Amino acid sequence: MHWNSVGEFFAMGGYALYVWGSFGACVLLMVVEPLLAKRRLNEVRQSLRRERLADELDHQSGTS
Amino acid sequence: MKALLATVRRDILLALRRKSEVLTAVFFFVIVTSLFPLGIGPEPVLLKKIAPGILWVAALLSTLLGLPRLFAADHLDGTLEQMALSPSPLGLLVAGKIVAHWLLCGLPLVLLAPVLGLQFDLDASALGILTLALLLGTPLLSLIGAIGAALTLGVRGGGVLLALLVLPLYIPALIFGAGAVEAHIAGLDVGGHLSLLAAMLALAAFFAPWATTAALRVALE
Amino acid sequence: MKALLATVRRDILLALRRKSEVLTAVFFFVIVTSLFPLGIGPEPVLLKKIAPGILWVAALLSTLLGLPRLFAADHLDGTLEQMALSPSPLGLLVAGKIVAHWLLCGLPLVLLAPVLGLQFDLDASALGILTLALLLGTPLLSLIGAIGAALTLGVRGGGVLLALLVLPLYIPALIFGAGAVEAHIAGLDVGGHLSLLAAMLALAAFFAPWATTAALRVALE
Amino acid sequence: MLTVSGLACSRGERRLFANVGFALGSGEWLHVQGANGAGKTSLMRLLVGLSPADAGEIRWRGEPTPSVDFRREMIYLGHHAAVKEDLTPLENLRLSAALDGVALDERTALAALIRLGLRGREDLPVRVLSAGQKRRVLLARLLTRPAILWVLDEAFNALDVGAVKLLGDLIAEHLAAGGMAVLTSHQPLPVPGGKALVL
Amino acid sequence: MLTVSGLACSRGERRLFANVGFALGSGEWLHVQGANGAGKTSLMRLLVGLSPADAGEIRWRGEPTPSVDFRREMIYLGHHAAVKEDLTPLENLRLSAALDGVALDERTALAALIRLGLRGREDLPVRVLSAGQKRRVLLARLLTRPAILWVLDEAFNALDVGAVKLLGDLIAEHLAAGGMAVLTSHQPLPVPGGKALVL
Amino acid sequence: MGDHGRFKGCIGVSQSLIQWFRYASPQSFYPLAGRMIPWFWAAAAVFGVAGLWISFFVAPTDAQQGEGYRIIFVHVPASWMSMFIYLVMAFWAALGLALNTRVSGMMAQALAPTGALMAALSLWTGAFWGKPMWGAWWVWDARLTSELILFFLYLGFMALQAAIDDPRRADKAGAILALVGVVNIPIIYFSVKWWNTLHQGSTINLTKAPSMAQTMLWGMLLMALAFWMYSIAVALTRVRAIILERERHTEWVKHALE
Ligand code: HEM
Ligand SMILES: Nc1ncnc2c1ncn2[C@@H]1O[C@H](COP(=O)(O)OP(=O)(O)OP(=O)(O)O)[C@@H](O)[C@H]1O
Ligand SMILES: Nc1ncnc2c1ncn2[C@@H]1O[C@H](COP(=O)(O)OP(=O)(O)OP(=O)(O)O)[C@@H](O)[C@H]1O
Ligand SMILES: [Mg+2]
Ligand SMILES: [Mg+2]
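Protein chains in written order, with this note's numbering: chain A, -17 to 46; chain B, 416 to 636; chain C, 416 to 636; chain D, 114 to 312; chain E, 114 to 312; chain F, 204 to 461.
Simulated from the structure, these hints should not be mistaken for laboratory data.
In this text the structure is predicted, and so the values were computed from the model without any measurement.
In this text, a Cβ means the ideal position worked out from N, Cα and C, and glycines have one as well.
Hints should not be assumed to be uniformly reliable.
[What the hints assert, rightly or not] Think about it this way: if two alpha-carbon atoms lie no more than 30 Å apart in a straight line, the pair counts; the simulated DSBU-like pairs of lysine-lysine are: (1) Lys308/D / Lys278/E; (2) Lys278/D / Lys308/D; (3) Lys396/F / Lys464/C; (4) Lys463/B / Lys463/C.
[Said to hold, decoys possible] Short, incomplete list of chain D residues facing chain B, as computed with Cβ under 10 Å: (5) Asp199; (6) Leu208; (7) Gly214; (8) Val215.
[What the hints assert, rightly or not] Residues of chain E clear of chain C, computed beta-carbon distances all greater than 10 Å: (9) Phe130; (10) Ala136; (11) Gly147; (12) Gly169; (13) Ala289.
Please model the entire structure based on the sequences and the hints provided.
Dropping the structure here:
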């Protein structure tokens, strides 16, 4: 452990912009991408559920 | 006027429907600008020197690339015939198509040029001049290009003949547009270059729709 | 084999019938190479330095410009369907079309490049290398381009998507092709560059017709 | 209202027709007949003003034709599909109305498409439709764009039996409402009456 | 010789047809019928091997189809004109024969064009021909390219009365010589006999 | 003769593999992927935490580059993954073309955005490294350029697929493009050898001893593992969505939602 303070850690020996810019971009994109993928999955599921509901309603009105 | 807006809306809708179209015109611009450093080699001083020329030539070529499609699709499927027969004046519809073309092919280049210029290590004020010159120049390219596209419509040899007709007319825009940035880098005044560009734009805005309409009528005969 | 020759003959006949086509591809090459001196300004040393890069980029762009038409016309009017159903193997007909494309768009560039290079003040031996590199490189451009043309056939976004797909694949040819001439000017050995180009050409000659045929069958489905 | 006199047309060195003349009043229609290559399409294109005639004149309400009034009151559907393959039938219809400067709400457009038997296809891109369905999308414009003179070149091509009957009915309704029509077709037309012009 | 069984095809989410089967022997022909959008064109494209079927199989002389033999013995003419607008009818005919690897001398080609009523048009670029004349150029291939199975999609479209009769005769001759044909058309066909397949 | 037997055995194995791929239906793959995803997330988290710990608290300051070198811990994994994912994508594409399996096309389509993301990260972090080290955000160096080409290939693949509506056709066209683009991978990898460039040469080499501090190497490897697990997890999530989108009209999807 060679950091003497939190401030020193964040300063990254004067390379803060570059180091944090890189790590930050990675973290940001790697958080956003799974969320987007997950949302895509949820959207399909949602629309499938809606369709099934509609099917059921059709069926009910058809038989009654 | 409503018909003009309707045309703009329609063309933009069509382009968006083909999703990739808008993005890829821009990609072409990006790729062409990055081809030159590859062909020429990575010397920063040399690259900075030729940057304005390259950006302008790339803008010119990517406008050119989209031109054959400006009227061709409408011509092939008969929509252009219908436009010519429409109660709205054909000139208005044509103006709408030109505006849409600029919004789709010209404006993105203007917005992107500063970013690409950055890669060539141009400084902020040079980038400003570059953007301004492109803002005046790209509508000019669309207007002149429309005349060429209409003249070569349905003609044998299409796209390449179009390039042959249009490129010479683009040369003044290229010289003054790239010249403005170079003059600025050399520390000279750029007012002259830019006002010449503006004058050419005004002239073209006045005559090009008219010439294009006439050429389209001939193509439809 | 007879079918291959028949395709070559047919495509050349069609191109000659549209007279302007052959000439204008060449004109495009000429005009693009002469745009740069206009955009960049007339400094002989600078121009000589960037000459190989510019000539190669121009060759690449003028090949690209003709690519969308490689299969499009045959697709639109249904001839491609007939080819796919013909008793002659489709791969052979496709190879014929690629050969014809090179004869029409590639070969003229090779023949013209020395003349244009002369304008940029390149000396005789550099011109020789340039011609040799183009002779190996332009068929490569046609082969790779054919794959792209087949993949984007009838797809929304057509021509520009094609550029997006094909240009990245052209980059190695550009680097080695222009690199050969630059290396020669710098007094280095060019054998490595040229043999790499030749290797890429052999690879492409082997795989491209196959990939193109597969892509065409997909497009026809 | 439409009077044509002394019309002549040649293509290449071939004279297709000369001295063609006719007049159409409200409720009347003209059947242009002739073998392949006789010049029917050429005549139609002269009529609507897409190409100039060698001789003769065409008057609409007494005015020489390519007038704005004429363009507003005439609709021409040719050999071409004239629909955008990437758009849906509904979008095609609404956008072409917008270009003509005609207001067209979604309801009317949809009704027209359904009348032409495109129910369930309103939201597909035209590209995937069958040959006959593409023609129907074009024909839907007859319902959404008010016009007095209908100029239809081989409009019955590629249509199935039901659609042929439907289009016949549409034309008959249009004539009954005081409209006019100029038609070509190689099949017998399911529209009663009509003058014939043989080229 | 042509046996089809259990053929199924869907487009998008729509099932166009399933379990289509038939057999054609020498001298027989099949009339594929159905409303616009029923799937006639789609069926033809499956038959000739342009697109893959969802299920089912197609055999020619007992072999599964996209075989070289099948391609040699079959000719398919679709909705498209499939002629080069810049070439003359004669050039079109000879070049397409060359692509198929068939020898075709000028005399035979000319005779075919004349039989199809294109006399005097052999040397015009196809671009200037009328709609019906373009179709005739395509149909001339039936005479110059020997084939056993003719697959013709709406071949009677755009033809005038004389040409319809002529094509009917051609088909009848072909059948009498032991050929086979699969046809679609919305009009009644001037060919006697024939099985019907309604989609 | 013994060889003969082994040869036969080989055929048997490859045939059963082919059978497996052929019947690896979306229907059975969908739940399987669902069960695997949490494990990959967990692995990604573990490796990620360990890797970050080493990158920031264990690895020593570099003698030449100071703290700036720490970018290596994201730059190299992202670069590796961008190339590796392309290879995997091309593998699935080839499989789809050869065996006409449904899952392969979906896998290729699911991998592309993640690959593009990795290529973008490689470019981004490289640029953020280049500015302090070389004094420029971007230079037209061979490796940088070929990585840019890779990024464009990913974009091209996605644009091509987006431009074709029929999924079957989109898969096949995409597969052909992916296979053609594979030539770019060796170019990226060997570019530092073939041209004398600004970019770092290989530090990891199978034949030579690593020229890098042991702890740095460990940090890089752990981060690479984390990126790897992450990529698998995201791609599987996306492939599940794609399976449902494409198979929405089949019976099994209606029951798979419970
Ligand atoms: C936008 C700019 C950059 C791009 C696109 C890029 C791309 C790549 C790629 C693709 C690799 C993996 C290739 C391999 O492992 O052989 C890599 C590795 C590496 N890069 Fe970069 N890079 C960039 C900038 C930089 C900079 C500025 C530095 C340092 C000054 C750097 C240092 C390294 C190192 C040390 C490796 C590991 C090499 C190895 O271990 O094999 N890169 N880079
Ligand atoms: N340059 C030319 N030289 C000679 N003849 C020409 C030329 N251009 C066109 N033609 C002829 O002019 C005629 C044009 O006919 P048009 O298209 O009007 O026919 P149509 O009656 O509509 O036929 P169809 O029933 O086939 O649609 C054709 O016979 C064509 O061969
Ligand atoms: N993606 C899709 N989604 C839904 N339906 C589709 C899709 N693609 C095609 N179709 C439908 O498939 C059918 C294709 O029909 P096809 O072209 O085979 O008809 P056809 O019988 O030849 O008709 P025509 O008589 O009009 O030529 C059409 O009804 C079309 O609407
Ligand atoms: Mg006609
Ligand atoms: Mg059909």
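Verification of the hints:
The suggested pairing of Lys308/D with Lys278/E holds, with an alpha-carbon distance near 26 Å, which does not exceed 30 Å. At most 30 Å may separate the alpha-carbon atoms for a hinted pair to count; Lys278/D and Lys308/D meet this at roughly 20 Å. Between the alpha carbons of Lys396/F and Lys464/C the distance comes to roughly 25 Å, so the proposed pair stays at or under 30 Å and holds. With a C-alpha separation of about 16 Å, the suggested pair Lys463/B and Lys463/C falls inside the 30 Å cut-off, and the hint holds.
Checking Asp199/D against chain B by beta carbon gives a least distance of about 5 Å; that is within 10 Å, so the hint holds. Given the 10 Å rule on beta carbons, the hint for Leu208/D holds: about 5 Å separates it from the nearest Cβ of chain B. Hint status for Gly214/D: holds, given a least beta-carbon distance of 5 Å to chain B, under 10 Å. At its closest, the beta carbon of Val215/D sits 8 Å from a beta carbon of chain B; the interface hint therefore holds under the 10 Å criterion.
The beta carbon of Phe130/E is kept farther than 10 Å from every beta carbon of chain C, the shortest such distance being approximately 18 Å. With a minimum CB-CB distance of about 22 Å to chain C, Ala136/E clears the 10 Å threshold, and the non-interface call stands. Distance check for Gly147/E against chain C: the nearest CB is about 21 Å away, which clears 10 Å, and the non-interface claim stands. Against chain C, the non-interface label of Gly169/E holds: every CB pair exceeds 10 Å, the least being about 16 Å.
With a minimum CB-CB distance of about 25 Å to chain C, Ala289/E clears the 10 Å threshold, and the non-interface call stands.
The structure fails none of the hints (numbered hints given earlier).
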